[in-house]
Amino acid sequence: MAERTVVQVVPAMEVSEGAGVRILRTIGTPARRHLDPFLMLDHFGSDNPEDYGAGFPDHPHRGFITLTYMLDGHMAHGDSMGNEGRLDPGGAQWMKAASGVIHSEMPRQEAGLMRGFQLWINLPAAEKMSAPEYQEIRPEAVPEVTEEGARVRVLAGRYGDTAGPVADPNTDVGYLDVRLEAGATFTHQPPDRHTAFAFLFEGTAQVGGQDIPDTSLIVLGEEGAVTVKAGPEGARLLLVAGRPIGEPIAQYGPFVMTSREELEQAFRDYRDGQLVRDRATFREV
0 MAERTVVQVV
10 PAMEVSEGAG
20 VRILRTIGTP
30 ARRHLDPFLM
40 LDHFGSDNPE
50 DYGAGFPDHP
60 HRGFITLTYM
70 LDGHMAHGDS
80 MGNEGRLDPG
90 GAQWMKAASG
100 VIHSEMPRQE
110 AGLMRGFQLW
120 INLPAAEKMS
130 APEYQEIRPE
140 AVPEVTEEGA
150 RVRVLAGRYG
160 DTAGPVADPN
170 TDVGYLDVRL
180 EAGATFTHQP
190 PDRHTAFAFL
200 FEGTAQVGGQ
210 DIPDTSLIVL
220 GEEGAVTVKA
230 GPEGARLLLV
240 AGRPIGEPIA
250 QYGPFVMTSR
260 EELEQAFRDY
270 RDGQLVRDRA
280 TFREV
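The numbering of the sequence shown is numbering that gives the first Met the number 0, which starts it at 0 and goes up by one.
Incorrect hints may have been included.
Each computed SDA-like pair below joins lysine to any residue, with the alpha-carbon atoms no more than 20 Å apart [as the list claims (entries may be wrong)]: (1) K228 x R178; (2) K228 x H187; (3) K228 x A183; (4) K228 x E180.
Calculated directly from the structure, the hints in this document are not laboratory data.
Produce the complete structure using the sequences and hints provided.
Now the structure itself:
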């Protein structure tokens with residue numbers, strides 16, 4: 000079986016977002032602006048409430064999807080349309096901002112812990128001005144596959160015969176949370192020509208025989224299987240893949256369109272109170 004090679008190692012860059020929340024960002028930095036169809040990957044977490052207590056007050060989005068996954072603590076969510084929700088440990092939210100959403104996200108500790116991820120996924124031009132949608136996924140709705148030396152939570156896409164609760168028809172995203180025992184080996188084959196990356200956030204591991212630096216993103220080749228071998232402490236990592244869209248990306252802050260003119264229209268709409276056009280549909284799984 001052919002193996003995907005490591006194409007690039009992207010070190011995390013510390014940034015401040017919202018009302019001063021400290022974040023480790025990999026996709027969306029000078030080292031890696033985009034990784035089609037992915038626009039940004041943020042890893043947030045701290046045991047100090049001063050690092051995130053003010054959260055992410057009301058802010059706009061247009062033209063893309065956010066997939067938020069909580070590992071510890073919880074995230075309270077609300078938007079200008081009256082939708083409210085809460086992401087608990089192990090739960091997730093798939094938010095298709097599309098034509099426009101103004102929302103807030105407030106992370107909170109549980110048992111002294113708060114950490115998680117947010118991934119931005121692009122939308123094709125034909126979908127950017129479609130109606131927004133929410134899908135909130137309860138922790139118990141995320142299937143977990145147990146194998147020798149490995150536990151795999153399937154948030155999106157498929158792992159073997161197991162399908163995750165999130166399905167994105169535009170990019171066919173696969174999103175796995177993989178936990179490995181010491182010395183265990185794990186293999187998964189995303190579809191060929193799908194963009195794929197790994198992000199290690201616990202322990203030590205190798206991909207394709209190469210050490211994965213802690214809190215760094217590993218961009219993988221376009222074909223073959225991904226093989227991960229855990230180090231002596233075990234390992235936990237995200238393994239994500241998706242079909243590229245292959246369209247121009249015009250991005251400024253919370254707006255992601257295909258041209259400068261569309262970006263300028265988004266700013267005008269926000270300024271004039273016309274960003275939110277359609278009421279979002281809401282579904283809980």
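Going down the list of hints, with the structure as the test:
no.: 1; hint: K228 x R178; result: holds (11 Å)
no.: 2; hint: K228 x H187; result: holds (12 Å)
no.: 3; hint: K228 x A183; result: holds (6 Å)
no.: 4; hint: K228 x E180; result: holds (9 Å)
When held up to the earlier numbered hints, the structure conflicts with none and fits them all.
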